[in-house]
Amino acid sequence: MHSTIERAADPDSANDRPAAAPPPRGQAPFGSASLRVVLIKVIALGILDALVVYAALVLALNDDWLLSIAVIAAAVAVNWVYLRRDALPAKYLIPGTIFLVVFQMYAIVYSGYIAFTNYGDGHIGTKEDAIEVLIDKSLVRVPESPAYAMVVLERAGQLAFLVTGPDGEAAVGSDDRPLEPAPSARFDGGKAVGLEGYATLDFADMIASQELIASMSVPLTADPNDGALRTPDGSQAFVYSATMQYDPETDAFVDVATGTRYVDTGDGAFVAPDGRELMPGWKIDVGFENFARAFTEESIREPLFAVVVWTLVFAGFTVGATFAAGVFLAVVLDDWRLRFRRTFRVLVILPYAFPVFLSAIIWSGMLNPQFGFINQVLLGGAQIPWLTDPVLAKISILTVSLWLGYPYMFLVATGALQSIPSELIEAAKVDGAGPWAIFRRIKLPLLMVSMAPLLIASFAFNFNNFNLIYMLTRGGPQDISTDMNVGATDILITLVYKVAFGETGGRDFGLASAFSIIIFVLVAIISLVSFRQTKALEELN
Amino acid sequence: MRVNRGIATGFVAGGVVLAATLSGCSGGSGDDTSSEPPATLTVWVDANRVEEMEDIAAEFEADKGIEVELVQKEYGDVMREDFIQQVPTGEGPDIMVGGNDWLGQLAQNGVVAPLELGDAAANFPEVAIRAMSYEGVTYGLPVSLENIALVRNTALADSTPATWDELVAKGQAVVASGAAQYPVLIPSDPVDSDPYHLYPLQTSYGAPLFGTNEDGSYNPEDLLIGSEGGNEFAAKLIEWGADGVINTNITGDIARDEFAAGKSPYMLSGPWNLPVFQEAGIDYAIEAIPQAGPEAPTPFVGVQGFFVSAQSKNALAANEFVVNYIGSEDAQLALYEAGGRPPALLSAFEVAAATNPDVSAYGEVGLTGVPMPAIPEMGAVWDNWGSTQSALVNNTAGDPTEAWQAMAARIQAAIDG
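Protein sequence lines correspond, in order, to chains P and V.
In terms of my numbering, the first sequence has 225 at position 225, counting the first letter as 1, and numbering is strictly consecutive.
In terms of my numbering, the second sequence has 1151 at position 151, counting the first letter as 1, and numbering is strictly consecutive.
Extracted from the complex, chain P is given alone in its bound form:
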């Protein structure tokens, strides 16, 4: 039988492909992964999981169960996301999220925790450590004490000192037995080195029990006020007397000479009735005290308003001026009629290539009133006090900030300009719009769509631009007629640095953390509000 249905000659049948062939390797159609991708995924996940298992084991061995479980949970989540078929957004976002949590969220949460303690100089360790150190410090070598040559003896697990007095007589004693003469000691040269019934420790044995030996205190006589023998290195002993006694029952230190009692008042240190503190203290939780201090601390309350205004001015001007300069240069250098465009572009980007530290220090050298490049060469020997006059210092800061920031805006603006479809510009030209109108109505709004988030980020960054202020003017010329340690160019973060670090007796991390949290809240509010405002720009696109 003949088939009456004939296949028509298909003009496209020149591509004679068999109908059911699998797709060639390397060109994976949507939905099934090629072998190479699977291999990469397996190896990467394998390495990650191996590291996680190792980390979890180490953490568990160190009794850090919380962290161990957290690490395992995170690894399980990562594996689950990457082994699924879909969940594409998660696959892109997970690495960034993990780094965000580890490097940012953890730092913020930890700062928040520190803000509720009094962690700082003098309050670093625990109470037990502080008591130990105070006891150690209070044992003072009696000035007239001669050096007693000594060896350490051991009998039945108990250690004793065998000392040779300055008169050449040997004596033996231990922690609970005062020194008593040991006439039967064996001598080597002028030094007693052994006693019947005891074993003498050599250096290696002493090192094995060095903590015990270092803490031993052999009373000279039955009267504790006569002092005790202690040894710092196992071969010489000196008479020490305690200037302070610790009473564990009342949890207080008593000064032996004056009788003053230093009691634990709950502030993280032992305090005498007249207010003097024994240092070191220890770290305690202080609740909201740091936050209250942040707002009521005298050295910050008075200049606070002026400093906040200057910070807002500095950040705002930097963002505005760098944006204007960057966009202007981007528009000018975008014109195809301009020659040597690439050279200009490279020159414009140069300030961005230097680290801020380097640039700020070099600028402070250039602005030196007498020897700086600006005054000597550019202004022909004028002695303008760029960094020592309050107003001029502010202008210098703003200028250097503009110099440092415009290349970044230029780069972003160049990219954004090139993404504007040229049909829009041509249509506008056909409609008879001049260059300024084109810029104002077409280029600028479309630029803002992509650059608005960057402007907000730049504002947040410059609000806390500690490096520039500190490197250039260290906070600026100080007004010495006031009590405050505030300079004319101090922004909020440098003021916090001065208040928390080094103003009154050391660094106060608790106060600094409280300030950081407050600044974070401030910047977060400003950023959130700004992001809300830029939502309108999304409709443009």
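Wrong hints could be hidden among the right ones.
Unchecked claim - Derived Cβ-Cβ restraints for the label pairs, each shown as a range: (1) V:GLU1054 to P:LEU67: 31 to 39 Å; (2) V:GLU1402 to P:ALA524: 43 to 51 Å; (3) P:GLU302 to V:ALA1354: 57 to 65 Å; (4) P:VAL101 to V:GLU1054: 50 to 58 Å; (5) P:THR221 to V:ASP1330: 37 to 45 Å; (6) V:GLU1402 to P:THR97: 58 to 66 Å; (7) V:GLY1244 to P:ARG532: 53 to 61 Å; (8) P:THR221 to V:LEU1346: 32 to 40 Å; (9) P:ILE526 to V:GLY1244: 44 to 52 Å.
Rather than coming from a laboratory, the hints here were simulated on the basis of the structure.
For glycine and all other residues, C-beta sits at the position ideal for the given N, C-alpha and C.
Chain V: place on chain P using the hints.
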């Protein structure tokens, strides 16, 4: 097909994980059976000293059988802050090298242990032992001293007069003759001045920062900077600023470069600038700073030394290493040769001074000096001190007595906390 592939991927991934984990675990358990030395001392040193410390450590290991592990860290704030943070956790080093002005903060935080030097203390100059002590307790073993002195360009000035005013007059004569541009170069700073370099002049007027106790340590409650001599000094600062003797625009780098270019007969400088002067071919002489006021000038002396951690589990070994090994003449000479700073041990200093006249000259001036103050409140002190001096030199402070007394009051308030 697709389902199988997914399961296959899962199995292979699981297999890889298992293999890697097992190999990692088996590698880890092998270390436990190796024998450990009885104790290990961990020592933090700076880049200048690490090589010489290796020799000293090797000697100690050979003698005592205790391993010494040297960790190189950047000298300065990094080392100090890390030490303060790490010691309370129990993971810190046993020994650290540091400057004497760190001692207040270290002692305040309870991270250094008192060091018993015994009779060895007599082998060091008194100023070095005082520098390594805080509140009457010795904490460190000194290894080097540094201070400023007067450096004279022998080509421009043939001698150093006995008083400061004569020196300024002589310098100005050289300037008038056209051979130099500045009568004397004193490093300063536009905003913060430089109280460190001006201290010998200030003490010469009888206004030291703190009074001293009987044992020579500073008494932070006895603030002497506001004394009558201080007011005179403040008035003199205005005069010197007007005459061009002190210029706050001349920072440390600029002063060094100008002196190296032969533009001044005199300069107040420490030994750190000498290599630059030698390279520039300047013939220099190092002398004591002439007296400016009624009293003898006492420059600040910075002492570097080794501290023992308060939480060291090897206190005995650490003490032995620091006092008997680093405190020995050979070790002190070796460390001197590495860093160029005059050694603290008197016998080592004599050996060094015999071969290097610069060391001898600086050391002699240093013996007349006082230690840099180490109290924790010094940060606030420097700020107020420097900015007031800067304002006086530039004559923007108004009445000198008022400005100086206001500064003294603010310093007192900062110390009282």
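Going down the list of hints, with the structure as the test:
1. Range check, GLU1054 of chain V to LEU67 of chain P: Cβ separation about 37 Å, and the 31 to 39 Å hint holds.
2. For GLU1402 of chain V and ALA524 of chain P, the Cβ-Cβ distance of about 45 Å falls inside the hinted range of 43 to 51 Å, so the restraint holds.
3. A hinted range of 57 to 65 Å for the beta carbons of GLU302 of chain P and ALA1354 of chain V is consistent with their spacing of about 59 Å.
4. Between VAL101 of chain P and GLU1054 of chain V the Cβ separation comes to about 42 Å, which falls outside the hinted range of 50 to 58 Å.
5. In this structure the supplied range 37 to 45 Å holds for THR221 of chain P paired with ASP1330 of chain V, their Cβ-Cβ distance being about 41 Å.
6. For the pair GLU1402 of chain V and THR97 of chain P, the supplied restraint of 58 to 66 Å holds, since their beta-carbon distance comes to about 60 Å.
7. As the Cβ distance of GLY1244 of chain V to ARG532 of chain P is approximately 59 Å, the hint placing it in 53 to 61 Å holds.
8. Against the hinted window of 32 to 40 Å, the Cβ-Cβ separation of THR221 of chain P and LEU1346 of chain V comes to about 37 Å, which satisfies the hint.
9. Checked against the hint of 44 to 52 Å, the pair ILE526 of chain P and GLY1244 of chain V passes, with Cβ atoms roughly 49 Å apart.
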